[in-house]
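Chemist: Given the structure of chain A, go ahead and fit chain B onto it with the hints provided.
Residues per chain, in single letters:
Protein chains: 2
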Amino acid sequence: MSPKITTELLKQLRQVMKNPRYVQEPVQAYIVPSGDAHQSEYIAPCDCRRAFISGFDGSAGTAIVTEQHAAMWTDGRYFLQAAHQMDSNWTLMKMGLKDTPTQEDWLVSVLPEGSKVGVDPFIIPADQWKRMSKALRSAGHDLVPVKENLIDTIWTGCPQRPCKPLITLDLSYTGVSWRDKVVALRSKMAERKVMWFVVTALDEVAWLFNLRGSDVEYNPVFFAYAVIGMNTIRLFIDGDRLMDPAVREHLQLDSTLEPEFKIQVMPYGSILSELQAVGAGLSPKEKVWLSDKASYALTEAVPKAYRYLTPYTPICIAKAVKNTAETEGMRRAHIKDAVALCELFNWLEKEVPKGTVTEIVAADKAEEFRSQQKDFVELSFATISSTGPNGAIIHYKPVPETNRTLSVNEIYLLDSGAQYKDGTTDVTRTMHFGTPSAYEKECFTYVLKGHIAVSAAIFPNGTKGHLLDSFARSALWDCGLDYLHGTGHGVGSFLNVHEGPCGISYKTFADEPLEAGMIVSDEPGYYEDGSFGIRIENVVLVIPAETKYNFKNRGSLTFEPLTLVPIQTKMIDVNLLTEKECNWVNEYHQKCREVVGAELERQGRHEALGWLLRETEPLARVQ
Amino acid sequence: MSPKITTELLKQLRQVMKNPRYVQEPVQAYIVPSGDAHQSEYIAPCDCRRAFISGFDGSAGTAIVTEQHAAMWTDGRYFLQAAHQMDSNWTLMKMGLKDTPTQEDWLVSVLPEGSKVGVDPFIIPADQWKRMSKALRSAGHDLVPVKENLIDTIWTGCPQRPCKPLITLDLSYTGVSWRDKVVALRSKMAERKVMWFVVTALDEVAWLFNLRGSDVEYNPVFFAYAVIGMNTIRLFIDGDRLMDPAVREHLQLDSTLEPEFKIQVMPYGSILSELQAVGAGLSPKEKVWLSDKASYALTEAVPKAYRYLTPYTPICIAKAVKNTAETEGMRRAHIKDAVALCELFNWLEKEVPKGTVTEIVAADKAEEFRSQQKDFVELSFATISSTGPNGAIIHYKPVPETNRTLSVNEIYLLDSGAQYKDGTTDVTRTMHFGTPSAYEKECFTYVLKGHIAVSAAIFPNGTKGHLLDSFARSALWDCGLDYLHGTGHGVGSFLNVHEGPCGISYKTFADEPLEAGMIVSDEPGYYEDGSFGIRIENVVLVIPAETKYNFKNRGSLTFEPLTLVPIQTKMIDVNLLTEKECNWVNEYHQKCREVVGAELERQGRHEALGWLLRETEPLARVQ
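Going down the list, the sequences are from chains A and B. In short: position in the first sequence from 1, add 839, done, that's our numbering. In short: position in the second sequence from 1, add 839, done, that's our numbering.
So here's chain A without its partners, still in its complex pose:
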């Protein structure tokens, strides 16, 4: 992977930063955040502005360009990747390390007195704007909105914003109709005494209307906003996709409806002016509810006195707690996904020793097997297929320049998942196709102990995920090992593979209490730079637990693994497991056998079934 040469681009950007055609006054710094106008994590090619200007295309990162400097903030998952992809014009700011300055502190340290710092007001979330604006102001600088995106002005050949057809989901998938979702939302609005709710996150729009799209790769969403009033529904969406009779029928666009359920369809680009019109027409006490992560531009459209901002929207919270139709769908999707992976691992076991399987070949093969399963739509993220040292690049994606051949001498890490119409999967397995070293097994076993510690944890109702994060690390910590990423993220139901508001991380933001029905990943790891990477990831469902004393009737929770793919026993040093941990592995494998075995049988995949049976032989612990 050779870095992108950015000297010329940075020169052009620095020119437009002073060009009165684009900026009222010259800006001494320009911030290029990761997201799009919906603060999406995964973005369409036309929104990959930070990758365009810097070369670094990981999923998280913020670039800041000043007249003299160019700096990139990213987190531990991407330290290696960013260092590889960026040229020497860029300084890498490793977030989470003690000596790394915040963006604000860094700006204050490098800017000349009384500087202006520009940013696209549609891209920066309101809460970030507020924090940064305040810090800059207190140091004598100004954060200013630059209406025209400056990257777009220098981006020749910038791709078009996608506008793909929509998929409608019926009750058997969603469990609740969009009308009932609107009713529930309005009741939350009434509780908080707000009159309007602005839906800005793409997955929230998709969830609310029981629609899916494919405007953003891996995420079944479509570019749209919605504004829900107590008596009106406005959907801001472009293209002729609402001409599709199935969509019109689904949204009842041509039916005679009670006015409060009649959807007014408006152009995507008219959201700002419509919201300004709503804002201008408000009477006292008519509040507008927005996420505090909505863009600065939309937030500013509502006069300050009328804004009601919360970190999590009622849709975000409702969406996270899956209903029975959704959990049943997720179960089905995970069984199909396990079938595909049993096929893949069986195939790899035969093919790897021949020396012809590269990371890309393996990733493609995984997609091929998945695509054979019913209701498969697409992958849920770029497959991380990594062997040997590539495994230590936490969010690695194989490309021809880095593509390595799998061998019997190296650890192979596969982190992959798919979108099925009934659910979203995300699973990581770490395998060795030869004989792992004692050290590799030791590290793998600590990671497994951490995985089990979270998966088998019992905790009282109302516990936040961050309180479980250390359980995943304890065995590693005892030996002086750790990993620089959180332990788990929320997972959508045929929606984004990363979703809020819950998760399991040492970071305490984005962390609403866990509730039965929420779905998160459990994915501790260990990474040895230049050598190997280990991660064991299941998607798990929060379920009620049974305990001896039941927390004085407060109730308790635990996790049920939805992912049912064998964990390679060859990599386990059984002597490092407690009896309880050993039993957990055996019971888990027994369930894989029963549930996935039956499906392999049903699909007539006998060779993969043979592999599953071999891989799920019970562990025997030496007493």
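Honestly, the hints are just simulated from the structure, not real lab data. Hints are not guaranteed to be accurate.
As the list makes no split between identical chains, a pair holds if one copy fits it or if it spans any two.
In silico DSSO-like links for lysine-lysine, alpha-carbon gap of 27 Å or less [to be verified]:
#1 K973 to K1204
#2 K969 to K1409
#3 K857 to K1193
#4 K1027 to K1430
#5 K1280 to K1003
#6 K1236 to K1303
#7 K1391 to K1346
#8 K1280 to K1387
Modeler: Chain B only, in chain A's frame:
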């Protein structure tokens, strides 16, 4: 314990809330926070305004009185106590429970439109003012400062503000002179480019000048403020206590000094006008550093553009990391404290069966044994001496009305500590002087497992204490048990028994990363309302750990118990312990024997030594 009758007092308060002599405009609600003008947790009698108006005298709580309602917010430690101490005029708001409204939400729900909410601006911290003011404003109300404290206006017989003599501490106790502390502080100020630092917390003033006082019971502090400039030192303090030659010598008040170390002594009450004068004389870029928990009154004295507010002051952080002189002092103090407790428990073992020992007698006896130790100053908090159901009142203090007799049929919980000139102690032991039930032993053993899990935890440098909190709960959680308080707090060195900025709690505020030299408590518990309370508390020192792989040279930390008092083995169900936990107990007891045994021997306390030896017999685990 019968509740305080507050009907008449509330009537008087509601009258002054409308009396133009005290308020510019009538206030529809009046907030009575817990603290004093220094945001102290423990306060002098003259500052116990919330206890005066409500009857509830726990260490944490906020009262709000409106024309119709009176409500009290407090946390899990005090639910039972507050319910007992308050009459039916009051509504108890149980903080931390899901359905309890915040103070702001509650005010908004009960206040008539356009209300004014009053508060003493010297008592409310600036950060709380800001949050509350914003929430009220967005609902159409106003938070207003009421200069005269309204409780004081109705408090006939309000005690005088104390003004007791000072104690000077030399280098053998503090390790660093006050001059060197000022030098270090100024270097932190220079780093942040601030010209002034305002010391508002009482323990920070005491620590900075290596002085102690006794204005507040249990906390060796004195009423004072300080304002440190780059070239000036102003100490705001009342009384003739600076006439003491030892204090004058210590502060070098009569010496010819470089001007930047010359202390200007000013009246305590002049802080506001002096700070306003400093504020008025600032030139651009001359910032004033204050804690964001400093009072609203002092914060407002500095024009907004010149304020530099941080959650933790450099003194708070420096004070938390103990130097060698301080840790050695803490070790000595804990050995003396253990001697006193061995004497006490030996005495209790003999006396309790006679049926003559009440909770108060036991607490007094503990104080008597402690006071026999060298450099004993006073207790470090009100002794929690509680038997049977009283043990479930987490911060119980025995009073004649509740005083219960210890017996061989009930669990006895003693949470106590002392101030010695060389250190502060805080230890909880839970004992049974007869035969504990299987259930009592089971609960005790889970608490012990939690205590050990924290005490023996190994974690990387830079870890925040909240990430260790769940380790203390895991064994309890597995059986559906929990406790409604944090696991640990910072402990001062001959200073406040509770201090920031570190701790171990599921709450994530006040939580700077743990560093070697910090001292915290480790005190999980379990409480069965109406039946018993269990808590096992040691004070522990953060020390470097040795691990196999040392976190890629990031370094690792663990804890060393400073408290060396036997943990009653009779209460342990050995079969519930792992081998590692069993070894921890045995090694801990071996250390108690060696270290405390030697001191008991030296002091000729042979009977107590015999008790120590009996109580520290190794546990034998059935395999």
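Chemist: Hints first: check each against the structure and report whether it holds.
Modeler: Taking the hints in turn, this is what the structure says about them:
Taking identical chains as interchangeable, the C-alpha atoms of K973 and K1204 are never at most 27 Å apart, the minima being 50 Å within one chain and 56 Å between chains. For the identical chains of this complex, K969 and K1409 are neighbours neither inside a copy (52 Å) nor across copies (58 Å), given an alpha-carbon limit of 27 Å. In the homo-oligomer, the alpha carbons of K857 and K1193 never lie at most 27 Å apart, since the shortest distance is 58 Å inside one protomer and 89 Å across protomers. Proximity of K1027 and K1430 under a CA criterion of 27 Å is satisfied in neither setting, with 40 Å inside one chain copy and 59 Å between copies.
Taking the closest pair of Cα atoms, K1280 and K1003 never come within 27 Å of each other, the shortest separation being 46 Å inside a single copy and 65 Å across copies. In this assembly of identical chains, the alpha carbons of K1236 and K1303 never lie at most 27 Å apart, being 31 Å within a copy and 32 Å across copies at closest. When the C-alpha separation of K1391 and K1346 is checked against a cutoff of 27 Å, the pair qualifies only between copies, where the shortest distance is 21 Å, while the shortest distance within a copy is 29 Å. When the C-alpha separation of K1280 and K1387 is checked against a cutoff of 27 Å, the pair qualifies only between copies, where the shortest distance is 15 Å, while the shortest distance within a copy is 35 Å.
Violation of the numbered hints given earlier is confined to hints 1, 2, 3, 4, 5 and 6; the remaining hints are satisfied by the structure.
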